[in-house]
Amino acid sequence: MQTLSKAFIPGVFLKTEIPKAGYGEIPGTYEIDTPEGVCLAKKTTWVHSGYRISEERVRDRCMRELTLVPGIGPRRAFELRRKGHIYLTDLGDTCWGDSASEIADVIENDTPKDICRLFQDARRGNDPLLLGFSHALPKEDLLYFDIETLGMFQSPIILFGCGFWKENELTVVQYLLRDIKDEPAALYLTNQLFRKHTHVVTYNGKGFDVPYLNNRLSYYGERTVTPNLHFDLLYPTRRLYGRDMPDCCLGTVEKYILQRPRTDDLPGYLVPEYYQNYLRTRDVSKLVPIVEHNELDVANLSLLLKTECEAVYG
Amino acid sequence: MDEEQMYIKCEEAKDPEYQLPHSPVSEKIKNYLAEKNIQLYSHQADTVDHVLEGKNVIITTPTASGKTLAYALPVFEGLIKNPDATALLIYPTKALTRDQLLFLKSLDADLRARTKPAIYDGDTRQELRSKIRSTSRIILTNMYELHHILAWRAKWGDFWANLSYVVVDEAHRYRGIFGSNTALLLRRLRRVCNYYDADPQFLLSSATLGNAGTFAETLTGLSFVEIDNDGSPRAKRTFRIYSPQNKSSISAAAELVTAQMQAGMQTLCFTRSRKAAEITAIRCREEQPAGKIASYRGGYRPAERREIESALKMGSMSGVISTNALEVGIDVGGLDSVVISGFPGSMISVLQQAGRAGRNRKDAVITFIAGQNPIDQYYARNPEAFFNAPQEEVILGIHNPYLLSSHLLCAAAELPYRVERDRQYFGEAAADILESLKDAHLLASTSKGYVYCGGDNPAQNTPFFGMDAASWSVRCENTTLETMDENQAYREAYFGAVIFHQGERYRVETIDADLRIIRVVKTSDIYSTRPIIRTEISITSREKTRRHHNLIVNYGEVQVSSHLCGYSVIEYDQIVTSCELDAAPRQFTTKACWITIDEECGIAADAFPGSLHGAEHALIAAMPHYVLCDRSDIGGVSTPFHNDTLAPTIFMYDGVKGGIGLAEKAADLFADILTFARELVTGCPCTDGCPSCIHSPKCGNNNQPLDKTGTAELLKYLEGESKKPLSINNPDVNSYYRFQP
Chain E
-12 MQTLSKAFIP GVFLKTEIPK AGYGEIPGTY EIDTPEGVCL AKKTTWVHSG YRISEERVRD
48 RCMRELTLVP GIGPRRAFEL RRKGHIYLTD LGDTCWGDSA SEIADVIEND TPKDICRLFQ
108 DARRGNDPLL LGFSHALPKE DLLYFDIETL GMFQSPIILF GCGFWKENEL TVVQYLLRDI
168 KDEPAALYLT NQLFRKHTHV VTYNGKGFDV PYLNNRLSYY GERTVTPNLH FDLLYPTRRL
228 YGRDMPDCCL GTVEKYILQR PRTDDLPGYL VPEYYQNYLR TRDVSKLVPI VEHNELDVAN
288 LSLLLKTECE AVYG
Chain W
2 MDEEQMYIKC EEAKDPEYQL PHSPVSEKIK NYLAEKNIQL YSHQADTVDH VLEGKNVIIT
62 TPTASGKTLA YALPVFEGLI KNPDATALLI YPTKALTRDQ LLFLKSLDAD LRARTKPAIY
122 DGDTRQELRS KIRSTSRIIL TNMYELHHIL AWRAKWGDFW ANLSYVVVDE AHRYRGIFGS
182 NTALLLRRLR RVCNYYDADP QFLLSSATLG NAGTFAETLT GLSFVEIDND GSPRAKRTFR
242 IYSPQNKSSI SAAAELVTAQ MQAGMQTLCF TRSRKAAEIT AIRCREEQPA GKIASYRGGY
302 RPAERREIES ALKMGSMSGV ISTNALEVGI DVGGLDSVVI SGFPGSMISV LQQAGRAGRN
362 RKDAVITFIA GQNPIDQYYA RNPEAFFNAP QEEVILGIHN PYLLSSHLLC AAAELPYRVE
422 RDRQYFGEAA ADILESLKDA HLLASTSKGY VYCGGDNPAQ NTPFFGMDAA SWSVRCENTT
482 LETMDENQAY REAYFGAVIF HQGERYRVET IDADLRIIRV VKTSDIYSTR PIIRTEISIT
542 SREKTRRHHN LIVNYGEVQV SSHLCGYSVI EYDQIVTSCE LDAAPRQFTT KACWITIDEE
602 CGIAADAFPG SLHGAEHALI AAMPHYVLCD RSDIGGVSTP FHNDTLAPTI FMYDGVKGGI
662 GLAEKAADLF ADILTFAREL VTGCPCTDGC PSCIHSPKCG NNNQPLDKTG TAELLKYLEG
722 ESKKPLSINN PDVNSYYRFQ P
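Residue numbers (our numbering), protein chains in the order written: chain E, -12 to 301; chain W, 2 to 742.
No lab work stands behind these hints, which were simulated from the structure alone. Here the structure is a predicted model, which is why all the values come from computation and not from measurement. Note that the Cβ used here is the ideal one computed from N, Cα and C, for glycine as well. You may find that some hints are simply not true.
Covered stretches of chain E, going by a simulated chain W footprint (3 or more residues, C-beta under 8 Å) [what the hints assert, rightly or not]:
(1) 140 to 148
(2) 160 to 168
(3) 194 to 206
In silico BS3-like links for lysine-lysine, alpha-carbon gap of 30 Å or less [claimed, not checked]:
(4) W:Lys449 to W:Lys439
(5) W:Lys439 to E:Lys168
(6) W:Lys449 to E:Lys273
(7) W:Lys439 to E:Lys273
(8) W:Lys156 to E:Lys168
Please construct the entire structure, taking both the sequences and the accompanying hints into account.
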C-alpha cells in the first residue's frame, strides 16, 4: 500500500475558462437545442499533466494475481510466490494448472471487459488493479460522470456533469435544468455522450449515478445506458486510503489525497434545498454554487483516477 | 348459559349443483379435474366461461364455496396457453397470502404449468426479489406492497408488459376509506400496464354485496360480470343469538368458549378489538391447559401468527380468540364452532366469521354474543332483523381530494402524467388538482407530461398506504413484542398504559418518539387502563345544508383535535382511579355533518347536556347501519354550546383526513338514522341508560354525563322535526320572511 505522501504527485491542474455571458448570473452558460427540447449547458476545460500505462503492463500485473484461481487464497498465493510461482502461467504443473491456464488465456487475449468479469467472479470486481485499464485504453473513450438530484430516487436529475478528453484537455460539460421541463433534453444529451464514450468513471456511480440515470431514462420511455467498463473510484479509494481518512466522501478524499481542500463549497446534501429554492424564487444565484460544486467534482474525478493509478502502478 | 336468553335458528344442509364449462379448456385442466375427481359447481363453471371470453368477473358466492378454484382455473388456463403471460394476485392479509400460495403451488405442480407462484411482499427477502420478478409468472402480494412496487416500475417492466390477470381476493374488504385508496391504486396499476400495451383482466372475489357490480366497477374503473349462482353444498348450521345478563360479553364469551372446548368442540371466537381478544383469552386460560388456547391478532410477529394458524389447522389448538384478522379465507380447517363476541360492524363480517365453521360439510354451531352496545342489543331484542338484514352496499369513491392528490403524485412519479391520456383513469377532477400540485412545486409540466419533482418519496406520503414508515414497535427488554401504527400508539401505548400480549400484561415505561419505540416491562398487577381522550371540533366552512322537513343538517369542513388528557385504571370492570397525562393533541381536518338544537325543545336545563351527549352516542351507533362503515371510521362530538354555531350542537365526522363521504351520506339519510337511533333508545328497557342504549364503549368522557329520559325525548323531538312540514318560523331556512309585511 502506498503512503499518502508518496501517492500524491502534484499535477498541473489549470482551469482554462473563457468567461462568457450566460443564463442569469451563471457565467459561461448557453442553450442547446435537442429533439427533446432545450437545456442549458456549460463547458469548461481543464489541463493536467498526462499519464499513460501500457495495456501490456496492466495485463502483466493481472497475470500475477494467483488468487483469481478458485481455491487459491491470499495465504496460499504467498506460499506459491515464495516457491517461485509468480505468474498464473507458472502454475502449469500444479493441481491448479488447468483453471490457471484458462484464466491466463483470458488475461492475455480477451478484452478488458472480460478481464473485469474474471475479477468479478472472484468477488474482486472493484480491485484497484483494474483501474489501470483507464489509462491504458484510448482516453477519449472515458466519460467522467457525476449528477446532482432533487434527493429522492423518483425525482428529477437537475444537473448532469460529464467530463471527457479532447486532445490533452479535459472538457467538462454540464447540462443544467432551468426548469424541470428541460430534463428530457439534458437526458438526451447525456445519453449521446454515453454512446460516444464507452467507459465511465464515477465516484459511487455503481450504486447511485448510473442506476439513477437509467431510472430517469426509463421513466421517460428512453433506452437505458450500459457502460462497457465502469471505474467506480469509491471502492478502490476505500481499499487504498480508507484507513487513513475519517470517511470516504469525495470531499474528504480531495482534502487528504489530492490535498485540495475545498473552500466555500456547497455541501452535497444542500443541493436539493438550493434547487427547490431556485424553483420557487427563480433566484439564479442559488444555482451558481451547485454548478461550481459539480464542476469541481467531475474535474477531480480525473485527478483522483490518475492519482490512484499512479499509486498502484507507480 | 341460559337457554331462555337465546334465539336459535337452523340453516338446513344444501345439495351441490354441478355444471360443465361451455368453453373448451385445455387437456391439462381436463386431466387435472378428472384425476382429482373434481366436478365444478355451477358458479365455478360460469366463472371459467366468462373469464375465457375475456370478461372481468366478480364472484360473490358465500365463504367456502370454492371461489379460489373458480378464479385459479381460468388464470392457469391463460398462463398455460401463453407461456409469457403473468398474473398478479392481491390478498388483503399476509396470512391469507401464505395460505393461498400453498394451494397455488400444488395446483401449479399438478398442472405442470411452470408458473413458479411466489409471494412478493414486505417479508420477502431482498436477495430473492429480483429472481421472483424475473421468473415467477404468478405473484401474490397485497395492496400496500403493490403501492410501493409501482414506484419501481422499470424493474418490473417485463412483468407488467405480460400481465394478463389481476385477481383481487376478498374485494369487499376494500370499502370505505381503504377502498377508495385501493380504487386509485388499481387505476395506477392499469395505467402502468397500458403503458406497456398490456390490458389485464380483473377477477374479483367478494362476499355477498347488494351492489357487487357497481362496486367492482368503481374499484377498478372497468365493466364487470357478476357471478352469484352458488352451486356449492352446505352443512347444517345452527345460529344462536345470546344476550348475556348481569355479566359482560367478555366473561360470557370466555365461559362459552371454555365450555365448548371442554365438550371437545374446536372453537374460534371473534372479538371486536385487540384488547378484547387478549382479555377474553386470559379469562379462558384460567381454566384451560397451556397450549390449548391462544389469542390471535394483527401486530403479532409473523412467526407467532403462523404457529397459531397451523396449530389450529392441525387440531392441536382447540380454541383461538381472534380479532377480525382471522376472518378472511385462511384455511384453518373445518371448525366445529364459531363464537362472534360483539357485532363486528357489518353483516358481511358476520357471514365471513360464521363461514369459518362448517367447512367440509360438517355440522356447525355459530353463536353471536350481543355486547353492551346499542347495535348488539338491538339485534338481541330483534333477532329476526339479524337474519333478514338487507344485503350491504359498499361505499367508495375516487374523488376524495386528499387521496386523489396523493395518488396523482405517485402516478406522476411512475410515468409522466399526460392529461388527455390519463383522464380515463382519474377523471375530470384530476385536472384542478394537478394545477394546484404544480403551483406547490410538487409537479412540473414538461413536453412529456407532468413530472414529479418533490423532495421526498410520494408513495410514503399516501394516507393509509404510507403508514409503514410510521410504525411503532413495542419492546420488552431486547425483544420486539409487536408493532402498531401511530394512532394505535397514541391511544393504546401512552405512558403508564397496560398492554396485553398473549395473556401477559406489560406496562409502558418509556416512549421514544424519534425512534418510534415503546419500552414496556412485564407486570403482575391485574389492572388495565383506558385512555381519557377529549375531542374538540371547530368548523372551517359550511359547504351545504340538507333539509329534512323542519330539521336542518349542515355539512362542511371541520378541524378535529383529540387530546389524551389521562387514563382510567380499571380493576374487575370498575374504574379505580384516574391519572393525568400531558400529551400533545393530534389534529386533523375532515368533513362533518352537524345539527343545532333549539334550546326550547322542551328538555329541562339540567338534563340537557346528558340528553345531548346521549343523542350523539345513539346517532353514532346508528350511523354505520346506513352509511356502511365501521364505527371506528366515524366520530362524534356534542356540546351544549359551540363557539362556531352559537347553539347546542351535535357533530358526526369522518375519522379520516379529508373525509370520505360518510358524513355527507349521513346528512342525506339523517332522518332514517334518527328514527333508528330513537328506536334503539326507546326500545331499551333500562331506566338510566345502559351499555345497550346510550353508553358508548368508545366514549372519551367515560360516558358522563348521560340522561336516558332526556335522550329519548330529544331524539323524539328531532324525529318529529324531521317529519314536520317546513315551518316558517325557522329563520335559518326561510326566505318567505322578506315578503311578510
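Hint-by-hint comparison with the structure:
| no. | hint | verdict |
| --- | --- | --- |
| 1 | 140 to 148 | holds (count 4) |
| 2 | 160 to 168 | holds (count 3) |
| 3 | 194 to 206 | holds (count 4) |
| 4 | W:Lys449 to W:Lys439 | holds (15 Å) |
| 5 | W:Lys439 to E:Lys168 | holds (12 Å) |
| 6 | W:Lys449 to E:Lys273 | holds (27 Å) |
| 7 | W:Lys439 to E:Lys273 | holds (21 Å) |
| 8 | W:Lys156 to E:Lys168 | holds (24 Å) |
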